[in-house]
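Student: Sequence:
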Amino acid sequence: MAKKLTAQADDFSAWYNEVIAKAELADNAPTRGCMVIRPYGFALWENMVAVLDRMFKETGHVNAYFPLLIPDSFFQKEAEHVEGFSPECAVVTHGGGKKLEESLMVRPTSETIIADMYARWIQSYRDLPLLINQWANVFRWELRPRAFLRTTEFLWQEGHTAHATAAEAEEETLRILDIYRTFAEDYMAIPVLYGPKTDAEKFPGALQTYAIEGMMKDGKALQMGTSHDLGQNFSRAFNIDFQTRDGSREHVYQTSWGMSTRTVGAIIMAHGDDRGLVLPPRLAPHQVVVIPIAKSDEEQAVVQEAVDKLVASLEGVRVKVDDREQFGLGWKFTEWETKGVPLRVELGPRDIASGQAVVVRRDTGEKEFVSLETLGKRVGDLLETVQRDMFQRALDFREARSREIRDREAFVSAANGDGGFIHAHWCGDPACEAAVKDETRNTIRCVPMDWEADSGVCAYCGRASERKVVYAQAY
RNA sequence: CGGGGUGUAGCGCAGUCCGGUCAGCGCACCUGCUUUGGGAGCAGGGGGUCGGGGGUUCAAAUCCCCCCACCCCGACCA
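Going by numbering that gives the first Met the number 0, the letters in the first sequence line up with residues 0 to 474, in that order.
Simulated from the structure, these hints should not be mistaken for lab results. Don't take every hint at face value.
[To be verified] The calculated lysine-lysine pairs, modelled on BS3-like cross-linking and capped at a C-alpha distance of 25 angstroms, are: (1) Lys-294 to Lys-319; (2) Lys-376 to Lys-219; (3) Lys-436 to Lys-3; (4) Lys-3 to Lys-216; (5) Lys-294 to Lys-366; (6) Lys-76 to Lys-216; (7) Lys-56 to Lys-216; (8) Lys-331 to Lys-21.
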């Protein structure tokens with residue numbers, strides 16, 4: 000293990016890779032473009048899964064599971080969908096030692112196979128809405144993989160719903176967008192911009208894609224979740240129809256939405272610092288690490304007893320006691336800092352003698368002495384404070400690196416600069432959007448839907464504009 | 001698919017140009033003893049078909065041919 004991490008300012012990308020390795024979140028797999036999610040990284044993901052799964056269930060969704068392999072012909076049924084996904088699909092052509100009659104696509108997403116099943120399950124308006132989610136792995140043969148952000152195989156949830164009316168489907172799409180926003184802000188402690196994507200950026204086969212977009216510490220944008228209003232595009236292609244209350248037949252209106260292991264990358268890049276990860280308390284695998292300090296065997300016994308009491312006083316908190324003998328204190332401090340544990344509690348003979356413990360915040364490095372009687376309460380309060388402060392810092396950071404720009408020269412110069420969000424008017428012409436991408440590598444991340452209506456002129460082409468959008472370089 | 005690079009111990013590397021005690025170093029690992037309030041010290045030890053195949057040679061990590069894999073930079077993407 001190398002002694003020091005590369006500083007973020009020196010090489011953000013190298014910093015990112017080193018943090019993942021040193022914090023033992025993931026390791027490169029022998030399989031091209033794939034990663035192994037290690038126990039610590041998986042524990043973080045599991046905490047995220049638990050929260051999201053609860054939120055989905057609270058809003059009426061149920062879980063199910065569909066096959067990994069999808070008949071090739073299914074993809075051909077929706078024109079935009081096949082065009083969007085074919086280039087990045089892995090295909091199974093042989094099975095049982097023989098060439099298959101029909102190739103099977105390893106799912107890059109499951110709209111098609113789920114639509115096929117929905118066509119069988121839905122007969123009547125009484126069968127609607129159908130609100131199903133699945134936790135699954137998917138494959139996309141990406142040309143340039145990056146751990147968590149873009150791996151060939153990744154884990155995610157994908158929700159697929161069917162509704163009787165367009166309005167209900169739209170409402171569902173926005174309900175999920177709101178769940179994603181809440182999850183990002185309240186749990187991941189990452190403020191997000193949210194709203195519809197432009198046509199160029201929307202999901203292949205969707206009428207409209209909504210997304211949440213967060214800012215990473217290098218000023219780039221990361222799409223952290225998407226919610227699609229599919230309209231009747233798939234229900235027509237797969238003939239998912241139902242009988243209405245008045246006896247006529249109609250195709251269902253669908254949505255799909257997903258959030259993936261990419262969000263682990265978001266937590267790393269939105270909060271991490273030159274010492275490693277900084278994890279938000281609500282999702283951290285260990286919220287508190289306790290480090291006992293003892294020289295002799297006699298001290299050991301006394302400290303052990305105090306540690307037991309201390310841990311008992313932290314009921315309901317995810318606590319890790321690091322009593323490994325083979326590592327010195329400095330080693331342990333550094334390791335848990337690298338792993339981003341929100342609070343460290345040190346407990347040694349000197350502390351016990353004065354009836355206190357040392358508590359250190361990972362996010363600020365602030366150290367305080369807390370009496371052992373009040374430690375339980377203090378730790379609980381501190382965890383909440385850290386969670387809140389992390390969100391506020393991320394918000395301040397984003398605001399500091401966002402600016403509103405109105406004229407072309409400043410726009411191009413800023414877009415070619417060193418990252419950050421640009422708030423600017425856009426005429427609505429896809430050609431203009433494409434030209435900006437060519438010239439600056441910036442794309443429109445979304446059209447924030449909570450911004451007030453405002454007319455003006457397009458920052459790039461000068462034509463009339465009805466909307467302001469967010470431009471950024473994206474992962 | 002274009003451009004650039006790398007394959008030698010678990011990880012990081014030296015050795016390759018100029019064939020011949022070059023199978024080596026650091027970290028990690030194992031054993032023992034001593035240490036422990038910010039990455040401990042000493043002593044001893046284990047671990048390799050040098051990416052794969054073929055060729056040249058008395059002799060190949062080193063030279064030649066073929067293959068494979070991975071990484072970085074672009075185009076595509078959650």
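Student: Next pair to validate is Lys-436 with Lys-3; report whether the Cα-Cα distance is within 25 angstroms.
Tutor: Measuring from Cα to Cα gives roughly 37 angstroms; hence the hint is violated.
Student: Lys-3 and Lys-216 were given as a pair; does the straight-line alpha-carbon distance stay at or below 25 angstroms?
Tutor: OK: Lys-3 and Lys-216 at ~19 angstroms, within 25 angstroms.
Student: Compare the distance between the alpha carbons of Lys-56 and Lys-216 with 25 angstroms, and conclude whether the hinted pair is satisfied.
Tutor: The hint is violated at about 33 angstroms.
Student: Against the 25 angstroms threshold, does the CA-CA distance of Lys-331 and Lys-21 hold or violate the hint?
Tutor: 13 angstroms, holds
Student: Run the distance test for Lys-294 versus Lys-319: straight-line Cα separation, threshold 25 angstroms.
Tutor: 21 angstroms, holds
Student: Would you mind confirming whether the straight-line C-alpha gap from Lys-376 to Lys-219 stays at or under 25 angstroms?
Tutor: 38 angstroms, violated
Student: Against the 25 angstroms threshold, does the CA-CA distance of Lys-76 and Lys-216 hold or violate the hint?
Tutor: Answer violated: Lys-76 to Lys-216 is near 41 angstroms, above 25 angstroms.
Student: Compare the distance between the alpha carbons of Lys-294 and Lys-366 with 25 angstroms, and conclude whether the hinted pair is satisfied.
Tutor: 23 angstroms, holds
Consistency with the previously given hints fails for numbers 2, 3, 6 and 7, ordered from lowest to highest.
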